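Position one of the sequence shown corresponds to residue 0 (numbering that gives the first Met the number 0), numbered consecutively onward.
In short, the hints are calculated from the structure, not lab data.
DEER-style ranges, computed between Cβ atoms:
1. THR164 - GLY69: 38 to 46 angstroms
2. GLU297 - SER7: 35 to 43 angstroms
3. PRO301 - ARG46: 42 to 50 angstroms
4. ALA163 - GLU291: 21 to 29 angstroms
5. GLU297 - LYS162: 16 to 24 angstroms
6. PRO50 - ARG167: 36 to 44 angstroms
7. HIS178 - ARG70: 20 to 28 angstroms
8. GLU137 - ARG283: 20 to 28 angstroms
9. PRO176 - PRO68: 25 to 33 angstroms
10. GLU65 - PRO175: 27 to 35 angstroms
11. GLY165 - ALA249: 21 to 29 angstroms
12. ARG126 - PRO68: 36 to 44 angstroms
13. GLY180 - GLU291: 40 to 48 angstroms
14. GLY95 - LYS284: 19 to 27 angstroms
Only pairs whose alpha carbons sit at most 25 angstroms apart, straight line, appear in this in silico SDA-like list of lysine to any residue:
15. LYS251 - ASP281
16. LYS284 - VAL248
17. LYS160 - ALA263
18. LYS162 - LYS302
19. LYS127 - VAL54
20. LYS251 - VAL21
21. LYS162 - PRO152
22. LYS208 - LYS302
23. LYS247 - ARG228
24. LYS127 - GLY115
25. LYS251 - GLU137
26. LYS302 - ASN261
These figures come from a predicted structure and were not determined experimentally.
Glycine included, C-beta positions come from ideal geometry on N, C-alpha and C.
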Amino acid sequence: MIPLWQGSCNQWDCDEMGHMNVRIYVEKQLEGMVALASHLGLPEAFRPNGPSTLVPIDQHIRFVREVLPGRPLAMQGCVLEIGEHDAVIYQELRHGDGQLAAAFRTRIAHIDTAEGEPFPWTARTRRKMEQLIGTTPEEALPRSFDPDAPGLPYAEITMEKVKATGVRQIGMGAVPPGHCGAHGWMEPSWFIGRISDSVPNLLYEWRQKVAENAGGKRMGAAVLEYRLRYHRLPRASDLYTVHTSLGKVAGKTHSLVHWVMNPATGAAWATCEAVAITLDLDARKAIPAPPEMLGELEALAPKGLTV
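Starting from the given sequences, assemble the full structure and let the hints guide the process.
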């Protein structure tokens, strides 16, 4: 694996529980992808005049150990698979003592910046990619998802499906220019950021009840794994809505399926599934939700949406 990034996070990168916000993890991953592009002989990929660029299309993230402000971090990565105009890359964040903090397995597409169409790798870039072939460490392998499992066809991810399932809208907004990258598309990190910001509209009171049921503990939430599928990248002033469905429930964990939709067209910007726990902030342990609370959760977020 090759080094891709080194630094730390600060207090402004952290959420209410004091550890690095999920959006910042993906920002670091994307920064590492820029470095990887340079290693592949594509130094113009993320510049405004670049003829082609790299975009994530399907991503698995594992959060292994929390990241706190001021702690040293380093990222390294490799290439796992090479296609005609796509590839699967692996990136990991490790603490200063070498312990794994987070791992990313991302299928990327090589596209032209004029039309956003697939753009085959050159023979030179392919040779460089072959030199970076590696494997995912055992400790970083997916647990909750098969990252290669086929997702729902794009044509089936519609606002009509949202309405038929009866799930709630938990977030909405518009893309500001400052959230867009060199080629005018919203940076992918803002998908997970907007989803994370929207979830309290669904779960704040529910998690308070779980904490009260557990004896009034001070509570929060922690996401363990994500699978994100990026279908379209919005531009400045495009609108979005977030709609959420209950996924799987197993032991102390539950998953939520989020559809980020374009209300102007009824089509999808992105879909994802997140596996999470309700966390005792003092003991740093998961708080199990009793069966009746899980029933209430399903009433808040009816099942029916998939990634």
